[in-house]
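Novice: Here's the letter readout for the chains.
Number of protein chains: 2
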Amino acid sequence: MDAIKDGWFSELSTLWPGVCLSLEVEKILHSEKSEFQDIKVLQTKSHGKALILDGIIQCTENDEFSYQEMISFLPLCSHPNPKQVLIVGGGDGGVAREVVKHPAVEHVTQVEIDARVMQVSKQYLPNMGVGLSHPKVSVFVGDGFKFMKEHKNQFDVIITDSSDPIGPAESLFQQSYFELMREALKPGGIVCSQAGTVWCGLETVVNTFNFCKNVFESCSYGYSAVPTYPTGQIGYVLGRKIERTNFKEPVRIFSEMELEKMGLRYYSPEIHRAAFVLPRFAQKALYGTEQKVNGMNHD
Amino acid sequence: MDAIKDGWFSELSTLWPGVCLSLEVEKILHSEKSEFQDIKVLQTKSHGKALILDGIIQCTENDEFSYQEMISFLPLCSHPNPKQVLIVGGGDGGVAREVVKHPAVEHVTQVEIDARVMQVSKQYLPNMGVGLSHPKVSVFVGDGFKFMKEHKNQFDVIITDSSDPIGPAESLFQQSYFELMREALKPGGIVCSQAGTVWCGLETVVNTFNFCKNVFESCSYGYSAVPTYPTGQIGYVLGRKIERTNFKEPVRIFSEMELEKMGLRYYSPEIHRAAFVLPRFAQKALYGTEQKVNGMNHD
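So the protein lines, in turn, are chains A and B. Under UniProt numbering, the first sequence is numbered contiguously, ending at residue 299. Under UniProt numbering, the second sequence is numbered contiguously, ending at residue 299.
Be careful, since some hints might not be right.
What the hints assert, rightly or not - For lysine-lysine, the following BS3-like pairs were computed, each having C-alpha atoms within a straight-line distance of at most 30 Å:
1. K5(B) <-> K27(A)
2. K248(B) <-> K284(A)
3. K101(A) <-> K122(A)
4. K83(B) <-> K248(A)
5. K213(B) <-> K45(A)
6. K284(B) <-> K248(A)
7. K101(B) <-> K45(A)
8. K45(B) <-> K284(A)
9. K248(A) <-> K27(B)
10. K101(A) <-> K284(B)
11. K101(B) <-> K83(B)
12. K101(B) <-> K5(B)
13. K83(A) <-> K248(A)
14. K122(B) <-> K83(B)
15. K213(B) <-> K248(B)
16. K5(A) <-> K248(B)
17. K186(A) <-> K152(A)
18. K284(A) <-> K5(B)
19. K83(B) <-> K284(B)
20. K284(A) <-> K261(A)
21. K5(A) <-> K5(B)
22. K284(B) <-> K261(A)
23. K45(A) <-> K45(B)
24. K284(A) <-> K101(B)
25. K83(A) <-> K5(A)
26. K27(B) <-> K5(A)
27. K136(A) <-> K152(A)
28. K122(A) <-> K45(A)
29. K248(B) <-> K261(A)
Keep in mind that the hints were calculated from the coordinates and are not lab data.
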């Protein structure tokens, strides 16, 4: 199966051998090789436009809201006052678009390594790209590692919106990365990173979770449905510096009217709580059995 | 894209145009055309054996537990004493396997229209097929409609484990089917039917939900993750006769020790509650906004 053949794009990866999602393509809107990766924008028949990096679906217009809302509002609503937010990656702009909706957020710093992803998104995916041009957002092109080394003790929330742990984003799934984020956070600060799914590569999820747990006083794993991601869902690992916290219970609870005003289509306080409830096999793999007896996640 | 080509099985359906999941096939273990449908069993590279009916994945050994446990334990744990259970469809035997685990269940009646599905499952998928041979289970080959007309006021729980609303199972998604189930239930009895996903064909889900709501005093929609189903999840519509009930709160709460003893890998009381928490767009489509204000599903 080639990547695009007979009018279908097929997503093949060594991360999920033997399984493949395909989307019917109406038109290839853009294709280039940037300094860092292959970038494609496809007009699909079923899911609007799709952004593809190195052959992997990053987001489609139809279901991106689940990922962007959840990776943003899970950490933001777990923090009492998230004024300063750092986004590492997130070149399409969708996370920035969501983060600026939170009324406490004063400023968003975004560090994306590939300027071309941002330019392509602004041109072809303006509903996401718009986040990059928001007045509260400052965009830096560069390496997130380097940026954080130079900006210690500055952020309330750090969101890592990366591609999968293969290729340019591999280092963002290591313990040294979590240590660096800890340094860049203020006391009580919270991190949230894309962390794969328990249905495919559970071992990788457990590793990422343990790296986070080794570095932060509190750590939890949540997930949401994203049909065009492998296995149909994506996970998030959250950590908090110094303060111990139960991520399952949001500290900022938005009313129905506030959610409506922010145009949220996936996130709600109820979904926040449910996102941390894992199937038994995953609960046991991440938390063991003893904590499950109390019906509580690690807190 | 043909169904099996170059060593990959591809699932194409008019129910989800423009999207296709493919599984790499090591061996075609079985292929036949029964009186009712095309039946295939594939040895896949990633998901163990897969049962395919009319070109659609019914279950794979790797992730079937989520579906079988949830379609069984959501209704069983919503009923105070589910002694008599009817399964319509479920030819692979996986639902029967789960239902008999519940300590209150005294007898299971299963009505499957295609005897060949059951024989094939016993032969190739013994981990599921075993349910059909359990001493508490009586299997009838025939039409579920006809069977229920002849067995009124007999069951505490009716589970409809059907294929999708196209082909032989189409009638199982109509209001007349829910009316028939109501007649076959005892007072306070509960139904649970496969009901599609909110990410693809939301309108069909809303229709099925409304049929159920028109017929039963209580109605709710839950879901669980099943990576090899379209969009990576599957929904369940539940209804209760006469009694009003909040399906979100199980009445039978199993301890960790009981769950372990039953070998449950997905279901837990926490997962039961979370299964009914919908993303905002789906919550609004099924329940409207007014009930959401109270943070409650229709009850």
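Novice: Please go over all the hints and tell whether each is borne out by the structure.
Specialist: How the hints compare with the structure:
1. Under the criterion of a C-alpha separation no larger than 30 Å, the hint pairing K5(B) with K27(A) is consistent with the structure, at around 24 Å.
2. Proximity of K248(B) to K284(A) is assessed by CA-CA distance (about 23 Å); at most 30 Å being required, the pair is judged to hold.
3. Between K101(A) and K122(A), the direct Cα distance comes to roughly 19 Å. Compliance with the 30 Å bound is thereby established for this hinted pair.
4. Restraint check: the Cα-Cα separation between K83(B) and K248(A) comes to about 36 Å, which exceeds 30 Å; the hinted pair is violated.
5. For the suggested pair K213(B) and K45(A), the alpha carbons sit about 33 Å apart, so the restraint of at most 30 Å is broken.
6. Of the supplied pair hints, the one linking K284(B) and K248(A) holds, its CA atoms being roughly 23 Å apart against a limit of 30 Å.
7. With a C-alpha separation of about 44 Å, the suggested pair K101(B) and K45(A) falls outside the 30 Å cut-off, and the hint is violated.
8. A threshold of 30 Å between alpha carbons decides the hint, and for K45(B) with K284(A) the separation of about 26 Å falls inside it, so the pair holds.
9. Using a Cα cut-off of 30 Å, the hinted pair K248(A) and K27(B) is violated, with the two alpha carbons roughly 44 Å apart.
10. At most 30 Å may separate the alpha-carbon atoms for a hinted pair to count; K101(A) and K284(B) meet this at roughly 21 Å.
11. Between K101(B) and K83(B) the CA atoms are separated by roughly 12 Å; this keeps the pair inside 30 Å, and the hint holds.
12. Pair hint K101(B) plus K5(B) does not hold up; C-alpha atoms about 40 Å apart against a cutoff of 30 Å.
13. Straight-line distance between C-alpha atoms of K83(A) and K248(A) comes to about 21 Å, which keeps the hinted pair within the 30 Å bound.
14. With a C-alpha separation of about 25 Å, the suggested pair K122(B) and K83(B) falls inside the 30 Å cut-off, and the hint holds.
15. As the CA atoms of K213(B) and K248(B) are separated by approximately 16 Å, the hinted pair is consistent with the 30 Å bound.
16. For the hint linking K5(A) to K248(B), the alpha-carbon distance of about 45 Å lies beyond 30 Å, and the restraint is violated.
17. This hinted pair checks out: K186(A) and K152(A) have alpha carbons roughly 8 Å apart, not beyond 30 Å.
18. For the given pair, K284(A) sits about 38 Å from K5(B) by alpha-carbon distance, which is inconsistent with the 30 Å threshold.
19. The straight-line distance between the Cα atoms of K83(B) and K284(B) is roughly 35 Å, outside the 30 Å bound, and the hint therefore fails.
20. Taking the CA atoms of K284(A) and K261(A), the gap is about 38 Å. The hint is violated against a cut of 30 Å.
21. For the suggested pair K5(A) and K5(B), the alpha carbons sit about 13 Å apart, so the restraint of at most 30 Å is met.
22. Note on K284(B) and K261(A): the hinted pairing holds, with a Cα-Cα distance of about 15 Å set against a maximum of 30 Å.
23. A distance of roughly 29 Å separates the Cα atoms of K45(A) and K45(B); the hinted pair therefore holds under the 30 Å criterion.
24. For the hint linking K284(A) to K101(B), the alpha-carbon distance of about 21 Å falls within 30 Å, and the restraint holds.
25. About 47 Å separates the Cα atoms of K83(A) and K5(A), which puts this hinted pair outside 30 Å; it is violated.
26. In summary, the hint linking K27(B) to K5(A) is supported, as the alpha carbons are separated by about 24 Å, within the 30 Å threshold.
27. Simply put, K136(A) and K152(A) have alpha-carbon atoms about 20 Å apart, close enough for the 30 Å limit, and the pair holds.
28. Proposed proximity of K122(A) and K45(A) is supported: the alpha carbons are some 21 Å apart, at most 30 Å.
29. Using a Cα cut-off of 30 Å, the hinted pair K248(B) and K261(A) holds, with the two alpha carbons roughly 27 Å apart.
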